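Engineer: For reference, the chains in residue letters:
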Amino acid sequence: MSDNFVSLSDLTLSYGQTVAVPNLNLDVVEGELIALLGPSGCGKTTTMRAIAGLLTPTSGTIAIDGRDVTRVAANKRGIGLVFQSYALFPHLTAFENVAFGLRLQKMPDAEVRERTEKGIATVSLAGFEKRKPAEMSGGQQQRLALARSLVMKPKVLLLDEPLSNLDARLRLEMRTELQRVQKKTGVTMVFVTHDQSEALALADRIVLMKDGKIEQLGTPHELYAEPATAFAAEFMGFENIFRVEGANLMSDTGQLPLGFTAKSPMLAWRPSGVQVGDGPFSGRVSASSYAGGHREYVIDTPIGQIKADASIETPEVPIGDTIAFGLPETTARPLAK
Amino acid sequence: MKNLTSWAIIALTLTFLIGPFIIIIFAGASAGEALAFPPDGLSLRWYLKVFTIESFRQSFLLSMGLAIFGTIAALLLGIPAAYALNRYDLPGAETIRMVVASPIIVPGIIVGLALLRYLVIPLDFTVTLALFLAHTALVLPYAVRVVSSSLNNLRSDMEEAAVLLGCTRLQAFNKVVLPNIRGGVLAAFILGFVTSFNQVPVSLFLSGPGVRTLPIDMLSYMEITYDPSVAALSAVLAFMSLAIVFIAERLLGFSRYV
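Quick mapping for you: the protein sequence lines, in order, are chains A and B.
Take the first sequence: its position 96, counted from the start at 1, is 96 in my numbering, and no numbers get skipped.
Take the second sequence: its position 49, counted from the start at 1, is 49 in my numbering, and no numbers get skipped.
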């Protein structure tokens with residue numbers, strides 16, 4: 001097991017004059033499933049394309065398995081990529097799609113057949129060999145694309161938004177499938193997503209990116225429970241984020257006395273961390289919606305809107321009425337910026 | 001009333017589209033000596049005579065050759081051009097597109113005269129070579145346009161997928177792009193073939209002694225001999241075009257591409 005199986009050093013990536021990723025450093029552990037997470041334009045896809053060799057870095061190096069591949073052509077890197085659109089070959093059958101890369105290696109026909117059949121079986125598509133991609137469902141196409149990359153035994157498998165084109169039920173199924181295939185093959189996977197729940201559910205580690213830089217890197221639990229910055233907190237579902245000035249919480253619209261001493265310049269609360277129906281402050285309910293296990297309130301306060309989840313057992317406060325709330329120290333997450 | 005109007009319009013359209021064709025079929029089937037409609041009795045003698053006229057045979061072969069090789073040459077230039085215009089953000093792409101389309105926009109008479117004045121006369125090109133170049137240029141816009149629309153429907157990430165599976169860019173083009181634009185290429189070929197085969201104004205200037213395309217040969221034949229054989233030949237050619245388009249439509253849904 002290598003701790004820097006994929007190693008990006010001082011990597012700068014640009015499109016013409018526009019720098020998309022300035023000076024990125026990242027090590028991927030062998031056999032791990034790592035997520036590049038961030039909003040569109042954060043550089044995650046650009047980084048993935050550079051690892052694949054589809055984009056030449058402006059400066060810096062990319063090493064895979066100890067070998068510098070910065071100048072190695074994309075077709076010689078031994079990297080697999082499952083495209084967001086799957087990019088299957090429409091004129092070929094499922095079998096020929098999977099066999100495509102093997103045939104290029106001038107492998108004996110029997111071996112091509114054997115490896116292709118095994119690859120198709122790995123993604124549970126046995127029986128679909130003669131179908132054309134257009135005759136398969138979205139989920140099947142996705143698995144076919146996965147098989148096409150996996151039969152090449154890639155050193156690294158890159159996945160671009162692997163679940164975004166699937167409906168909710170298939171997404172769950174495919175998530176399990178990806179984890180199963182990863183366990184079975186042990187291949188190092190790097191996947192790109194803008195969906196934090198996808199990253200949290202799938203990844204061993206998450207690289208949260210913003211403006212081409214790594215905002216935070218950690219396990220899903222670290223990112224979820226301990227986001228370091230306002231950006232990370234917002235991405236992880238902390239909807240109430242405020243500045244701290246002296247003993248007050250500040251926003252552009254007003255302030256509230258904090259009631260405890262904070263050492264960080266910012267504090268954040270999840271809606272579930274806000275105390276409702278009781279507490280030192282009061283606000284006006286501007287929206288209220290039933291969410292099964294809890295009720296979601298939007299409260300107008302001197303520091304702007306606060307989102308709060310209340311237990312379903314507490315009596316509902318109608319819209320327009322005043323509600324008491326608190327921002328307790330115990331559920332506050334300190335943020336560095 | 002509305003129904004009646006639309007039927008009238010359809011009937012008129014069909015009359016103007018198919019009418020001349022029917023006139024020619026019957027004019028060619030005349031038993032008389034002169035081109036006339038209605039025909040002077042019916043016979044197949046002019047249809048049979050067409051195949052015995054030596055100059056028609058030669059000009060038919062020349063026209064066929066020009067149409068086939070000119071269109072192939074146009075595709076060999078046009079497919080890479082369409083690909084480049086489609087896939088790369090080229091500086092001056094709009095200008096290139098306009099230059100490529102210019103043979104459609106500029107009247108054929110002018111193209112023919114220009115080629116005669118600047119290629120054949122000063123550079124001493126043979127008439128056949130000039131004709132070949134002219135027909136290639138004339139077909140090129142169709143090749144680029146039809147292949148482009150095919151390429152538009154093909155996502156570029158498919159080629160990237162092929163490259164990551166081990167293809168070079170050229171292999172990716174041959175193994176993934178070409179098979180998927182095959183229909184467009186064939187459609188471009190047929191459109192180009194018909195355009196070239198029926199070309200008159202450009203060829204008019206580039207015909208020399210013994211070198212005439214079929215349409216030009218038919219024109220000059222009519223100036224001397226006013227018999228129904230030209231009508232018969234026209235009808236034969238029209239049927240040939242119809243057959244090609246019909247087969248193409250059956251095989252690959254030609255109308256999707258044009």
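The hints are simulated quantities; they were obtained by calculation from the structure and are not laboratory data.
Since this is a predicted model, take the numbers as computed values, not measurements.
Hints may contain errors.
Unchecked claim - Computed list of lysine-lysine pairs in DSSO-like fashion (alpha-carbon distance at most 27 Å, straight line): (1) A:130 with B:175; (2) A:118 with B:2; (3) A:184 with A:155; (4) A:76 with A:153; (5) B:49 with A:153; (6) A:210 with A:337; (7) A:118 with A:132; (8) A:76 with B:175; (9) A:184 with A:130; (10) A:153 with A:183; (11) A:132 with B:49; (12) B:2 with A:155; (13) A:184 with A:213; (14) A:210 with A:184; (15) A:263 with A:184; (16) A:118 with A:106; (17) A:183 with A:118; (18) A:183 with A:155; (19) A:118 with A:130; (20) A:337 with A:213; (21) A:106 with B:2.
Engineer: For every hint, state whether the structure bears it out.
Structural biologist: These are the hints, each one checked on the structure:
1. Taking the CA atoms of residue 130 of chain A and residue 175 of chain B, the gap is near 19 Å; set against the 27 Å cutoff, the hint holds.
2. Of the pairs offered as hints, the one joining residue 118 of chain A and residue 2 of chain B is violated, with about 65 Å between alpha carbons and a cut-off of 27 Å exceeded.
3. For the given pair, residue 184 of chain A sits about 14 Å from residue 155 of chain A by alpha-carbon distance, which is consistent with the 27 Å threshold.
4. The straight-line distance between the Cα atoms of residue 76 of chain A and residue 153 of chain A is roughly 13 Å, inside the 27 Å bound, and the hint therefore holds.
5. A C-alpha spacing of about 69 Å is found between residue 49 of chain B and residue 153 of chain A, which places the hinted pair above 27 Å, so the restraint is violated.
6. With a C-alpha separation of about 14 Å, the suggested pairing of residue 210 of chain A with residue 337 of chain A holds against the 27 Å cut-off.
7. Between residue 118 of chain A and residue 132 of chain A, the direct Cα distance comes to roughly 19 Å. Compliance with the 27 Å bound is thereby established for this hinted pair.
8. A distance of roughly 18 Å separates the Cα atoms of residue 76 of chain A and residue 175 of chain B; the hinted pair therefore holds under the 27 Å criterion.
9. For the hint linking residue 184 of chain A to residue 130 of chain A, the alpha-carbon distance of about 26 Å falls within 27 Å, and the restraint holds.
10. Of the pairs offered as hints, the one joining residue 153 of chain A and residue 183 of chain A holds, with about 14 Å between alpha carbons and a cut-off of 27 Å not exceeded.
11. In summary, the hint linking residue 132 of chain A to residue 49 of chain B is not supported, as the alpha carbons are separated by about 52 Å, beyond the 27 Å threshold.
12. Our distance criterion of 27 Å between C-alpha atoms is broken by residue 2 of chain B and residue 155 of chain A, whose separation comes to about 70 Å.
13. With a C-alpha separation of about 32 Å, the suggested pair residue 184 of chain A and residue 213 of chain A falls outside the 27 Å cut-off, and the hint is violated.
14. Between the alpha carbons of residue 210 of chain A and residue 184 of chain A the distance comes to roughly 33 Å, so the proposed pair goes past 27 Å and is violated.
15. With a CA separation close to 46 Å, the supplied pair residue 263 of chain A and residue 184 of chain A exceeds the 27 Å bound.
16. For the suggested pair residue 118 of chain A and residue 106 of chain A, the alpha carbons sit about 18 Å apart, so the restraint of at most 27 Å is met.
17. For the hint pairing residue 183 of chain A with residue 118 of chain A, the CA-to-CA distance comes to about 16 Å; that is within 27 Å, so the pair holds.
18. Straight-line distance between C-alpha atoms of residue 183 of chain A and residue 155 of chain A comes to about 15 Å, which keeps the hinted pair within the 27 Å bound.
19. A threshold of 27 Å between alpha carbons decides the hint, and for residue 118 of chain A with residue 130 of chain A the separation of about 15 Å falls inside it, so the pair holds.
20. This hinted pair checks out: residue 337 of chain A and residue 213 of chain A have alpha carbons roughly 15 Å apart, not beyond 27 Å.
21. With a C-alpha separation of about 67 Å, the suggested pairing of residue 106 of chain A with residue 2 of chain B is violated against the 27 Å cut-off.
When each numbered hint is compared with the structure, violations occur for hints 2, 5, 11, 12, 13, 14, 15, 21.
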